[in-house]
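**Q** Chains B and S, in that order, give the protein sequences.
Be aware that the first sequence starts at 1, since it is given in the numbering used here, and climbs by one per residue.
Be aware that the second sequence starts at 388, since it is given in the numbering used here, and climbs by one per residue.
Bear in mind the hints are in silico, worked out from the structure with no lab data behind them.
The structure presented is a predicted model; accordingly, all values stated were derived computationally and were not measured.
Any given hint could turn out to be false.
Said to hold, decoys possible - List time: in silico DSS-like cross-link candidates among lysine-lysine, alpha-carbon distance up to 27 Å:
1. B:K223 with S:K618
2. S:K646 with B:K223
3. S:K585 with S:K632
4. S:K667 with S:K479
5. B:K223 with S:K585
6. S:K564 with B:K255
7. S:K772 with B:K47
8. S:K632 with B:K237
9. S:K516 with S:K585
10. S:K618 with S:K646
11. B:K255 with S:K516
12. B:K223 with B:K47
13. S:K632 with B:K47
14. B:K255 with S:K632
15. B:K339 with S:K632
Said to hold, decoys possible - Using C-beta positions, here's what the derived DEER-type ranges look like:
16. B:Y369 with S:A760: 26 to 34 Å
17. B:E159 with S:S644: 13 to 21 Å
18. S:E649 with B:R176: 17 to 25 Å
19. B:D84 with S:E649: 50 to 58 Å
20. B:E159 with S:I530: 28 to 36 Å
21. B:V273 with S:F752: 22 to 30 Å
22. S:A394 with B:R347: 34 to 42 Å
23. S:R534 with B:A269: 50 to 58 Å
24. S:R534 with B:G262: 30 to 38 Å
25. B:R347 with S:P531: 24 to 32 Å
26. S:P527 with B:S114: 34 to 42 Å
Even glycine gets a Cβ: it sits at the ideal position worked out from N, Cα and C.
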Amino acid sequence: MPDRRMFWRIMRRLFAAQRGRLLVILLALGAGAALSAALLNLQVDAKSRLVREFRVFGPNVIVAPRGAGGSSAGLSTPGESTLDESVVQQVAQSIPPRVTADSYLYLVAAVSSSASSQPVSAVIAGKRSELIDRSSWRSAIVTPRGIKNRCLVGVKASEQLNLQSADRLMLQAGGREESCVSEIADRRGDAEDSQIVVNLDAAQRLAALPGKISLMQLSVTGKPREIQAYITALAQKIPSADVHGLRQFTDAEAKIYDRISGLLTTTTALVLVLTGLCVMAAMTNVAMERRADVGLMKAIGGATRRVLRLFLAEAALLGLAGGVVGAAAGLMLSISLGKTVFGVAARPRLIVYPVSVALTILVAIVSAYPLRRLASISPASVFRGEA
Amino acid sequence: MFLRLVADSFARRPRRKLLTGAALALGMAVVTAAFSVSLDVGDRLAHEFRSLGANLLVTPQADSLPLEIGGVDYRPVDAGAYLPERDLGKLKTIFWRNNIVGFAPVMEVPVEAWTKSSQSLSAPAYSVKTTLIGTWAHQPVAIPDGRSYFTGMEQTNSWWHVDGRWFRDAAECLAGKSFAARAGVKTGDVLHINSSGKNIALTVTGILSAGGPEDDAVVAPLQVAQQFAGKPGQYRRLYVSALTKPEDDFARRNPASMKPAELERWSCSPYASSIAYQIKQVLPGVDARVIRRVAEGEGSILTRVRSLLWLATLAALLAAVLAVGASSAASVIERRSEIGLMKAIGAGSGTIGFLLAAEQLLLAFVGGGVGYALGIVLARILGEKIFGVAPEPSILVFVVILGLAALVTLLGSAIPLRRASRYEPAQILRGE
Numbered sequence: 001m002p003d004r005r006m007f008w009r010i011m012r013r014l015f016a017a018q019r020g021r022l023l024v025i026l027l028a029l030g031a032g033a034a035l036s037a038a039l040l041n042l043q044v045d046a047k048s049r050l051v052r053e054f055r056v057f058g059p060n061v062i063v064a065p066r067g068a069g070g071s072s073a074g075l076s077t078p079g080e081s082t083l084d085e086s087v088v089q090q091v092a093q094s095i096p097p098r099v100t101a102d103s104y105l106y107l108v109a110a111v112s113s114s115a116s117s118q119p120v121s122a123v124i125a126g127k128r129s130e131l132i133d134r135s136s137w138r139s140a141i142v143t144p145r146g147i148k149n150r151c152l153v154g155v156k157a158s159e160q161l162n163l164q165s166a167d168r169l170m171l172q173a174g175g176r177e178e179s180c181v182s183e184i185a186d187r188r189g190d191a192e193d194s195q196i197v198v199n200l201d202a203a204q205r206l207a208a209l210p211g212k213i214s215l216m217q218l219s220v221t222g223k224p225r226e227i228q229a230y231i232t233a234l235a236q237k238i239p240s241a242d243v244h245g246l247r248q249f250t251d252a253e254a255k256i257y258d259r260i261s262g263l264l265t266t267t268t269a270l271v272l273v274l275t276g277l278c279v280m281a282a283m284t285n286v287a288m289e290r291r292a293d294v295g296l297m298k299a300i301g302g303a304t305r306r307v308l309r310l311f312l313a314e315a316a317l318l319g320l321a322g323g324v325v326g327a328a329a330g331l332m333l334s335i336s337l338g339k340t341v342f343g344v345a346a347r348p349r350l351i352v353y354p355v356s357v358a359l360t361i362l363v364a365i366v367s368a369y370p371l372r373r374l375a376s377i378s379p380a381s382v383f384r385g386e387a
Numbered sequence: 388m389f390l391r392l393v394a395d396s397f398a399r400r401p402r403r404k405l406l407t408g409a410a411l412a413l414g415m416a417v418v419t420a421a422f423s424v425s426l427d428v429g430d431r432l433a434h435e436f437r438s439l440g441a442n443l444l445v446t447p448q449a450d451s452l453p454l455e456i457g458g459v460d461y462r463p464v465d466a467g468a469y470l471p472e473r474d475l476g477k478l479k480t481i482f483w484r485n486n487i488v489g490f491a492p493v494m495e496v497p498v499e500a501w502t503k504s505s506q507s508l509s510a511p512a513y514s515v516k517t518t519l520i521g522t523w524a525h526q527p528v529a530i531p532d533g534r535s536y537f538t539g540m541e542q543t544n545s546w547w548h549v550d551g552r553w554f555r556d557a558a559e560c561l562a563g564k565s566f567a568a569r570a571g572v573k574t575g576d577v578l579h580i581n582s583s584g585k586n587i588a589l590t591v592t593g594i595l596s597a598g599g600p601e602d603d604a605v606v607a608p609l610q611v612a613q614q615f616a617g618k619p620g621q622y623r624r625l626y627v628s629a630l631t632k633p634e635d636d637f638a639r640r641n642p643a644s645m646k647p648a649e650l651e652r653w654s655c656s657p658y659a660s661s662i663a664y665q666i667k668q669v670l671p672g673v674d675a676r677v678i679r680r681v682a683e684g685e686g687s688i689l690t691r692v693r694s695l696l697w698l699a700t701l702a703a704l705l706a707a708v709l710a711v712g713a714s715s716a717a718s719v720i721e722r723r724s725e726i727g728l729m730k731a732i733g734a735g736s737g738t739i740g741f742l743l744a745a746e747q748l749l750l751a752f753v754g755g756g757v758g759y760a761l762g763i764v765l766a767r768i769l770g771e772k773i774f775g776v777a778p779e780p781s782i783l784v785f786v787v788i789l790g791l792a793a794l795v796t797l798l799g800s801a802i803p804l805r806r807a808s809r810y811e812p813a814q815i816l817r818g819e
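Working from the sequences, and respecting the hints, build out all of it.
**A** Laid out in structure tokens, this is it:
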């Protein structure tokens, strides 16, 4: 094995010879690797963050009673179009692991408070939020404990009723009565501004519809295609209900997601290519300085292929070193960058690490490739200083 | 002599200079593209976000409590207040009129509907209870300055999918998907609508799938709803879709408590809330509210995408610094003997540094210029591919890019230049 020993000896010499040059190359390769690892990781992470970000829009899937009377008729005679509460269980057994499900029962009631002289009719929304979580080990529906006797009054409704926080409210419908303590909700600008949200149980008692709900709103996180697949699956699973996406949000989300992910992918690809080319330019510049070495090796009898292989091996080793250190640094960087962009630290994706190390090695080898041209020059001209 | 030295340096090492210049041009091209797209992305995405529909809701100020569930008001027609339709042209007179993409007034009437076919299927008196939503599809609105502007649900609710075509006059309507299934209505059927003693026959021109409560309703021109309600020229609610700037803390402040200068700055930013404020000023007796769910989601996503793009721009810049730095470091090392010679014949460190810096700057301007031209082409391709609209090339970007190129080359060569100025001429000339 004298051949291999010699190879490593030359390697050591090459590395030891010019520390400054080595530092420049390692810096370039490492920084390139760090940059691409950070960007790749952010890019992969951003897409999944984005779909979570979309949930600011609120629920995107509706489970409603099928064709029975319609919501307008349902309002005048509430019994006509309701779902059984058991539908929550059916949804829970369905596909995505984490879903927030809000069950609503709507009715119109006469609302009066101590401050208002006359009862006002308002929409009462009985609401129960559930977090269906099958990803954790206990796989359960988590029903947050409803605050008993509290009702969330929309801004418009509170203005109409002359209501302050913590006033007592009386709700009357069909001779039944419920009371609650008011809490003024934030201004939202939609229908909930004029509604009064109470516990689902209270609304069911008030409407004399125990165990019934008007509709369910699901907030499903996922890529647009996943959400569509989920809607189809759920519709098959619960034939008694009408499951549909809230087109306003699902359509817009799909469109915006496409745009943004296209944007991110192309910019990332561009910057990656650029980083590669820049590292290559830097490396090539440095590599061309090896003329004298190549000339010497050829002069003392090194075959062109062997000499070339030596330098390519050197480049690959440098690429590996730069990549291993740089990519790790890049992943760390992306964690903190993720924090500044999304407020949450980006999760390091393991796939990114080997990919960026491999990319760095590739770039290092490719940028040492111009040395091939040196193989054709005669050693004598190098020594004369002509090349 | 100085110029000659610089020119000589370029002539003697064309390949080396070309390589550095190319790296710089490439880097600047990507930076230019990323920069132009980042500048433009806010506007482009704001347009995309308009497919979410209205972000402002206008209602009468002195109104009874709406019985609104999922966007449909179930109040009887005689309850609550209405707003005049003829004022709507004034919306296009506010300061941010060009940011208003579209608006559509809405009025709901509870009705009963039947068709000939459903009548023949079941009992003769069979009719289906539903809601008639009166609105605009694509309506010309007269603007006070004499022009007219077309708007309606086709603009504001772009997710509404009509199988068939939209209604064009007061004798036509759309049937919601679930309603159509329930009442057995097809495109082309004549739908008889009955409410509070009035009877109107409408031809169904399309089936609407909206994914909301509208699926279970009849959507007809606003004047049909006005006839049923006996409220000619009036509407109940107005949806406004406007291009807005993401809201920050400043945007959420109450305009009533602002100083005049602040109020001016506030109303000169297209925040959703300042547009709402201006709508309130131009339409008397209305309450204009920001639909938080839409506006806030839009703001947060926009901010994030923008900062991601800035990061990518920064990364491109870093890569360019890297390339230029490494290649100029290499060139200084290579030119040791030249530097030594110059020093030996009496050039000071300052002069040499100046000479080298001038060379780099020349390179920066040429490389930066070429890079800018390339980057603009790249940005056009990107913009057209992703958004269908190319970003406008801007002078600002050009100036910034040239400045950046100069900065990058100077930064990249700062360390090697400092080293070069410390060389001992005697050592170099001896070959050490």
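**Q** Hints first: check each against the structure and report whether it holds.
**A** Each hint, compared with the structure:
no.	hint	result
1	B:K223 with S:K618	violated (45 Å)
2	S:K646 with B:K223	violated (45 Å)
3	S:K585 with S:K632	violated (46 Å)
4	S:K667 with S:K479	holds (13 Å)
5	B:K223 with S:K585	violated (48 Å)
6	S:K564 with B:K255	holds (23 Å)
7	S:K772 with B:K47	holds (19 Å)
8	S:K632 with B:K237	violated (42 Å)
9	S:K516 with S:K585	holds (15 Å)
10	S:K618 with S:K646	violated (42 Å)
11	B:K255 with S:K516	violated (35 Å)
12	B:K223 with B:K47	holds (9 Å)
13	S:K632 with B:K47	holds (23 Å)
14	B:K255 with S:K632	holds (20 Å)
15	B:K339 with S:K632	holds (23 Å)
16	B:Y369 with S:A760: 26 to 34 Å	holds (29 Å)
17	B:E159 with S:S644: 13 to 21 Å	holds (19 Å)
18	S:E649 with B:R176: 17 to 25 Å	violated (51 Å)
19	B:D84 with S:E649: 50 to 58 Å	holds (55 Å)
20	B:E159 with S:I530: 28 to 36 Å	holds (33 Å)
21	B:V273 with S:F752: 22 to 30 Å	holds (24 Å)
22	S:A394 with B:R347: 34 to 42 Å	violated (54 Å)
23	S:R534 with B:A269: 50 to 58 Å	violated (45 Å)
24	S:R534 with B:G262: 30 to 38 Å	holds (36 Å)
25	B:R347 with S:P531: 24 to 32 Å	violated (55 Å)
26	S:P527 with B:S114: 34 to 42 Å	violated (51 Å)
Comparing the model with each earlier hint shows violations of hints 1, 2, 3, 5, 8, 10, 11, 18, 22, 23, 25, 26; every other hint is respected.
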